[in-house]
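Chemist: Sequence:
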Amino acid sequence: MNRFASFFCCALLLPLPLLAQDPPPPGPRRRGFGGMGKLAEELGLSEEQRAQFDAFRQEMRERMRELRESGDRRAMREAMRTMRQEMQGKIESILTPEQKETFARLREERRKRMEEWRGRRGRRGDRRASPEQLKSEALRALKLGEEAAAVVTPLLDAVVQARSALGTLEREQRRALREKAEGDVAAEELTKALEDYRAARKEAQAKLAEARGALREVLTLRQEVALVALGLLD
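This note's numbering puts the first residue of the sequence shown at 7, with every later residue one more than the last.
Simulated from the structure, these hints should not be mistaken for laboratory data.
Every residue, glycine too, gets a C-beta built ideally from N, C-alpha and C.
The reader is advised that the hints may include incorrect statements.
Derived DSBU-like pairs (lysine-lysine); straight-line CA-CA distance at most 30 Å [to be verified]:
| id | residue 1 | residue 2 |
| --- | --- | --- |
| 1 | Lys141 | Lys208 |
| 2 | Lys186 | Lys106 |
| 3 | Lys141 | Lys186 |
Computed spacing ranges between beta-carbons, pair by pair [what the hints assert, rightly or not]:
| id | residue 1 | residue 2 | range |
| --- | --- | --- | --- |
| 4 | Ala156 | Glu185 | 42 to 50 Å |
| 5 | Arg184 | Arg119 | 13 to 21 Å |
| 6 | Leu183 | Met82 | 39 to 47 Å |
| 7 | Glu201 | Val157 | 52 to 60 Å |
| 8 | Glu194 | Thr108 | 35 to 43 Å |
| 9 | Gly50 | Ala187 | 31 to 39 Å |
| 10 | Ala205 | Ser52 | 22 to 30 Å |
| 11 | Gly50 | Glu121 | 24 to 32 Å |
| 12 | Val231 | Ala156 | 18 to 26 Å |
| 13 | Arg80 | Thr102 | 36 to 44 Å |
| 14 | Val157 | Lys208 | 24 to 32 Å |
| 15 | Gly50 | Ala81 | 32 to 40 Å |
| 16 | Val157 | Arg184 | 25 to 33 Å |
| 17 | Lys208 | Glu115 | 24 to 32 Å |
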């Protein structure tokens with residue numbers, strides 16, 4: 007089975023958008039069904055249970071093959087949600103009470119690890135483009151004298167802060183939108199969430215545009231080009 011099919015099946019075991027396996031470590035990727043095979047081992051399935059489990063997996067393969075051939079990604083996402091629920095129900099139906107507890111614990115552990123991984127990835131991204139770093143690079147590029155710095159620095163601060171606020175808003179709001187889109191959320195709530203996101207983003211963009219305009223007024227052409235190169239001006 008190809009990489010997409012493996013990913014697709016693993017995703018059935020946790021509420022979207024979470025996966026049923028840990029973020030892939032560096033190095034060669036394992037072939038085959040990956041996370042679901044590991045799940046069977048962690049649950050300690052008997053031979054009879056394993057045969058039933060394998061039958062569930064084969065059913066998923068066949069249904070996914072049909073979905074891929076349809077080429078409709080929207081339908082694929084909706085089908086994935088339904089298949090996830092069905093798969094979890096089928097797995098739980100063959101488990102002992104103790105195995106059900108293990109299944110629930112494993113899903114919760116993997117959900118938490120995925121959230122921690124996303125958090126670490128986000129913090130690394132923030133460090134690469136921190137407001138402090140951007141300001142420091144901008145001041146070096148501008149090569150301001152003492153009097154000019156007194157005028158330009160507050161305006162530069164406003165741009166850096168507005169840019170950072172817009173980036174934070176987009177990351178957080180898009181994460182929330184993704185969770186709603188992949189969850190069991192009514193259309194009215196999705197519409198409201200999308201409208202709120204667009205309104206908040208538009209307001210943040212307007213503040214950034216205003217701050218950029220004020221800064222641009224006090225810069226030379228060469229200084230403006232330097233800040234465009236840094237992504238602080240557009």
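Chemist: For each hint, tell me whether it holds in the structure or not.
Modeler: Quick rundown of the hints versus the structure:
1. Lys141 <-> Lys208: The hint holds at about 24 Å.
2. Lys186 <-> Lys106: holds, 27 Å
3. Lys141 <-> Lys186: With a Cα-Cα distance of about 35 Å, the restraint between Lys141 and Lys186 is violated, given a limit of 30 Å.
4. Ala156 <-> Glu185: 42 to 50 Å: Distance hint for Ala156, Glu185 holds at roughly 45 Å.
5. Arg184 <-> Arg119: 13 to 21 Å: Hint holds: Cβ distance 18 Å, inside 13 to 21 Å.
6. Leu183 <-> Met82: 39 to 47 Å: Because 19 Å falls outside the window, the suggested range is violated.
7. Glu201 <-> Val157: 52 to 60 Å: violated, 39 Å
8. Glu194 <-> Thr108: 35 to 43 Å: The hint (35 to 43 Å, Cβ to Cβ) holds, given that Glu194 and Thr108 are roughly 38 Å apart.
9. Gly50 <-> Ala187: 31 to 39 Å: holds, 35 Å
10. Ala205 <-> Ser52: 22 to 30 Å: For Ser52 against Ala205, whose Cβ atoms are near 55 Å apart, the range 22 to 30 Å is violated.
11. Gly50 <-> Glu121: 24 to 32 Å: The hint (24 to 32 Å, Cβ to Cβ) holds, given that Gly50 and Glu121 are roughly 26 Å apart.
12. Val231 <-> Ala156: 18 to 26 Å: holds, 22 Å
13. Arg80 <-> Thr102: 36 to 44 Å: holds, 38 Å
14. Val157 <-> Lys208: 24 to 32 Å: holds, 29 Å
15. Gly50 <-> Ala81: 32 to 40 Å: Check passed, 36 Å falls within 32 to 40 Å.
16. Val157 <-> Arg184: 25 to 33 Å: violated, 42 Å
17. Lys208 <-> Glu115: 24 to 32 Å: violated, 40 Å
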